[in-house]
Each structure stands twice: as C-alpha cells, then as structure tokens.
Amino acid sequence: MRRQNYTLVEMLCYIAILAVVMNAIMLLFVDGSKICGDAIKDADMNREMFLMRKKWRNFVQKCGGNFELREDGSLASSANFAKAEGGKLIFFADGEKREYSFFPSNMKFEFKIEKPELSAPYLVIEVSDGKNIKKRIVACYEK
Amino acid sequence: MKNGKTKFRFFSMVEMVCAIGVLVLAGGAFYSASGAMGKYKDKLLARNEANCVLDNSIERISAEKAPGAGLAGKIFLDEFAKSPLSQKAEIKALCEIRNGFLLLGITDGKGKRIAELKIKIRERGDEK
Chain A
0 MRRQNYTLVE MLCYIAILAV VMNAIMLLFV DGSKICGDAI KDADMNREMF LMRKKWRNFV
60 QKCGGNFELR EDGSLASSAN FAKAEGGKLI FFADGEKREY SFFPSNMKFE FKIEKPELSA
120 PYLVIEVSDG KNIKKRIVAC YEK
Chain B
61 MKNGKTKFRF FSMVEMVCAI GVLVLAGGAF YSASGAMGKY KDKLLARNEA NCVLDNSIER
121 ISAEKAPGAG LAGKIFLDEF AKSPLSQKAE IKALCEIRNG FLLLGITDGK GKRIAELKIK
181 IRERGDEK
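Protein chains in written order, with this note's numbering: chain A, 0 to 142; chain B, 61 to 188.
It should be emphasised that the hints constitute simulated quantities derived from the structure, not laboratory data.
Any given hint might turn out to be false.
Calculated pairs, DSS-like style, for lysine-lysine (alpha carbon to alpha carbon, straight line, at most 25 Å) [said to hold, decoys possible]:
{"hint": "1", "chain 1": "A", "residue 1": "LYS111", "chain 2": "A", "residue 2": "LYS133"}
{"hint": "2", "chain 1": "A", "residue 1": "LYS40", "chain 2": "B", "residue 2": "LYS101"}
{"hint": "3", "chain 1": "B", "residue 1": "LYS103", "chain 2": "A", "residue 2": "LYS130"}
{"hint": "4", "chain 1": "B", "residue 1": "LYS180", "chain 2": "B", "residue 2": "LYS134"}
{"hint": "5", "chain 1": "B", "residue 1": "LYS125", "chain 2": "A", "residue 2": "LYS114"}
{"hint": "6", "chain 1": "A", "residue 1": "LYS53", "chain 2": "A", "residue 2": "LYS111"}
{"hint": "7", "chain 1": "B", "residue 1": "LYS152", "chain 2": "A", "residue 2": "LYS130"}
{"hint": "8", "chain 1": "A", "residue 1": "LYS40", "chain 2": "B", "residue 2": "LYS103"}
{"hint": "9", "chain 1": "A", "residue 1": "LYS107", "chain 2": "A", "residue 2": "LYS133"}
{"hint": "10", "chain 1": "A", "residue 1": "LYS133", "chain 2": "A", "residue 2": "LYS40"}
{"hint": "11", "chain 1": "B", "residue 1": "LYS170", "chain 2": "B", "residue 2": "LYS142"}
{"hint": "12", "chain 1": "B", "residue 1": "LYS99", "chain 2": "A", "residue 2": "LYS40"}
{"hint": "13", "chain 1": "B", "residue 1": "LYS180", "chain 2": "B", "residue 2": "LYS148"}
{"hint": "14", "chain 1": "B", "residue 1": "LYS99", "chain 2": "A", "residue 2": "LYS53"}
{"hint": "15", "chain 1": "B", "residue 1": "LYS99", "chain 2": "A", "residue 2": "LYS133"}
{"hint": "16", "chain 1": "A", "residue 1": "LYS53", "chain 2": "A", "residue 2": "LYS87"}
{"hint": "17", "chain 1": "A", "residue 1": "LYS130", "chain 2": "B", "residue 2": "LYS99"}
Covered stretches of chain B (chain A as the covering partner; in silico rule of three or more C-beta atoms under 8 Å from a C-beta of chain A) [as the list claims (entries may be wrong)]:
{"hint": "18", "segment": "110 to 120"}
{"hint": "19", "segment": "127 to 139"}
{"hint": "20", "segment": "166 to 173"}
Think of the CB as a built atom: it goes at the ideal place given N, C-alpha and C, for glycine as much as any other residue.
Chain B extracted, bound-state conformation (with noise of 0.2 Å):
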C-alpha cells in the first residue's frame, strides 16, 4: 500500500514459464498415458481377432476330407477377408510353407506377428 493506491504485483516471466511447463509436463504425461492405453486395448483386440480368425481357419480346414497347403492358404483369407481385421489397412494375413508346416499368421504395421499357427500338412492335397 502507497498513498491509498493498491499496488499490484504480477507474477515474473520465469514464475510464468515455470508454471506453464509443469502444466504441459502434466498434460502430456496424462495424454501419453492415454495414448498408450488405447494403443493397448487396439493391440488386444487385434491379437483376440485374429485367434478367432485362426480358430475358425482350423475349423473349416478340419472339415475337408484331404486339405493341402493351397486350399487351407485360401480358406485361412478367405476367412480373414470376411473378418473386422481387414478393414484394417496395416494388418495383414501372411501364408507361407516352411520346413514342411504350413504357417499362417496374422501380422500388424511393424510386420510383427501377432497371432500364428503351424499346420502339418502336404503340398499338395485333393482340393475341390
């Protein structure tokens, strides 16, 4: 107080900067924090997706009488193709024959497998 006026202090530009950056530290631990549990629960749905991609693979190639590599290839995409993963642009359905096992896989964006299976199984089958 000088001669009855009020005299404001404001705050300085370092209390200024100080407080703004805890602020954004704040806020972007939090976002981040989120981020991250979003990208989780996509992840999991995908690997979940695509177990239930495999499983119903497993289910139909089980049903034919001689299944060789090429038909069960075509029924794993063709399942694939008719599940909620394909509209996914970066996960893609891998099929291939290694060591004499017939490998399908789903993989996401980083080319990372995601789910996969190996199946026993000849070249070559009786396929419709």
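One chain only, chain A, in its complex shape (with noise of 0.2 Å):
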C-alpha cells in the first residue's frame, strides 16, 4: 500500500496558514512584552522618583530661600546650587555635593520657581522625556 503524501497546494495551504497565525500571536507577545518592559521601567521611575523627592526637599530645606533660575537652567540660592546634566541631578549644599545618576539618559529636568498668588512659592523639579511631563515634583521653602 503506498502512502498519500501531502500536495503541494496542501502544504503550501499549511504553510500560509501557520505564518498567519504565526505573524499574529508574535505581534501578540511583542505587544504585551512592550506592555511589561514600560511597566517595569515606569515603576523603576517611581520608585526613583520617591528616594529623589526626599533628597530634592532636604535639599531646599538646607538652602533656605532666595533662588533664582541661572541661564543655564540651573537652580541656585547663594553658593548653593541644583543643575541637570543629561540624566544626572547635582544638588550643592553647605560645600557637599551630591550627585544622583539612576534616571535613564533621555530624561529631562526642568527646575522651575513658582510664585502662585493663592499660596506660598515653591520650587519645582519637572521630569520629562523630552515630549510629555512625567513627573514634578514639589518643594516649599517657606515653611
């Protein structure tokens, strides 16, 4: 008895078939796995965010008051200073410095003053990705 191989066409059918299904559930997995790595990286940035937001006020409350935004977009309130470079903060306080490098590179910072009529002033951290404001984060020093 000799045995019925498959056609061509029904091979050919096959194949067609799985590269389909194929195609979708990869688009599937790469779709939920860029779902995850966002997920991890946005939790990393909390948590970042949340060890930074109590350096950030420390370091206001070392400072005093007084700031003023240099041209270089940095924060400074007499000898001390706060600036960005690239995904670094450098806080300047009482002769120490301080620098924080855990964010990822293509974060931005932005220091900013706001003096609100409705409340006390309070100085600002922005964190962006260079479109979207991520994050700010807020410290008074009139307290």
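Combine the two chains into a complex, taking the hints into account.
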C-alpha cells in the first residue's frame, strides 16, 4: 500500500495559514512584552522619584530661600545650587556635592520657581522625556 | 490514485469550522490578555500619578501658615490641573468636607477612588 504524501497545494496552504497565525501571535507577544517593559520602567522611575523627592526637599530646606534660576537652567541660592546634566542631578549645599545618576539618560529635568497668588511660593523639578511631563516634585522653602 | 490521476481530498466544512473556531479562540485569548495588561498598566500609572499629586498637595498645604479647607482644596485642584492626569477626561479630582475632614481624592472613569487623602482641617482658615 502506497502512503499518500501531502500535495504541494496542501503544504502551501498549511504554511500560509501557519505564517499568518504565527505572525498574529508574535505581534501579541511583542505588544505584551512592550507593555511589561514600559511598566517596569515606570515602576523603576516611580521608585527613583520617591527617593529623589526626599533628597530634593532636604536640599531646598538646607538652602533656605533666595532662589534664582540661572541661564544654564540650574537653580541657585547664594553658594548652593542644583543642576541637571543628562540623566544626572547634582545638588550642592553647605559645601557638600551630591550626584544622583539613577535616571535614564533620555530624561530631562527642569527647575522652576512658582509664585502663585493663592498659596506660598514653591520650587518644582519637572521630569520629562523631552515631549511629555512625566512627574513634578514640589518643594516648599517657606515653612 | 485512480487511473493515474491524483484525487485531492479537501477539508470538510466541519473541519474548517473547527480549525477556524480554535484559531479565533486562541487569538481572542491572547488579545484579551494583552488588553488586560494594558489596562492594568494604565491603572497603575494613574494611581502612581495620583499619589504624586496628593504628595505635592500636602507639601504645599503644609507650607501654609493657617490653611483652611478652601485654600487646601484650591491647592489640590491646582496640582491636579498641572499633572498629566488632568489630560485624561475620565479622571476627575474630588474635594469635599466630610465629618470634619477634608477629603481630597482622584477618581477614575467608573467613579472609583484611585487615591485619596483625609486631612483634619478647619473649614475656614486664614486664606491669602
């Protein structure tokens, strides 16, 4: 008895269906892993922002007041200053320099002094990825 | 094989329907899993952002000498407006006085609170 093999048409149909199905499944896997990757990045950033919040507020409290924004985007209060270089934040207060470089290099920091009419003035670090503001950390210096 | 001609045996309708049904089920399962992951990620991000808004609000409220409920509410709404959450139409800020506490919260599209804060505060403070 001769064994019947698959015909060329059957094999082509099978390969085409398999390619379509595999493509769809791979797309879903890639989407899923991208979502997971983004979630991990966001979780890391949140943890870092949580740590940074305390250090930023301590720095502002140490400086006391009389803050001004310099042309290079750094924030200064007499001899003390805070500046951003790439993904790195540098706080210089009371002769002590501290560098924090655990942020991704594409993150941009912007210092702002906000003086709203309704409440006390405060300082802000805005963290963005160049397009959208991701986070803002507020620190008040008149407590 | 019959008379030297190859006889093709095509798939029957039942086989095709079964195969397509299994593929659709598998695809649907993957798609819904992927969608659920995306929704969970959005929810997590919104919660973190809401906590950030509340934390910034507390920092600003604590800098006030005599914050009243009105001023605290304004500060909270100001912080909410400056956060990326305000760009999402379904997420809303909630500010109300209940049982002597000022309740600051952020709700999602279903009205469920994703983050909230209770502050013991005077209803009328010295507002600037």
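Quick rundown of the hints versus the structure:
no., hint, in the structure
1, A/LYS111 x A/LYS133, "holds, 15 Å"
2, A/LYS40 x B/LYS101, "holds, 11 Å"
3, B/LYS103 x A/LYS130, "holds, 21 Å"
4, B/LYS180 x B/LYS134, "holds, 16 Å"
5, B/LYS125 x A/LYS114, "holds, 16 Å"
6, A/LYS53 x A/LYS111, "holds, 17 Å"
7, B/LYS152 x A/LYS130, "holds, 23 Å"
8, A/LYS40 x B/LYS103, "holds, 15 Å"
9, A/LYS107 x A/LYS133, "holds, 10 Å"
10, A/LYS133 x A/LYS40, "holds, 12 Å"
11, B/LYS170 x B/LYS142, "holds, 22 Å"
12, B/LYS99 x A/LYS40, "holds, 16 Å"
13, B/LYS180 x B/LYS148, "violated, 29 Å"
14, B/LYS99 x A/LYS53, "violated, 30 Å"
15, B/LYS99 x A/LYS133, "holds, 19 Å"
16, A/LYS53 x A/LYS87, "holds, 16 Å"
17, A/LYS130 x B/LYS99, "holds, 23 Å"
18, 110 to 120, "holds (count 5)"
19, 127 to 139, "holds (count 5)"
20, 166 to 173, "violated (count 0)"
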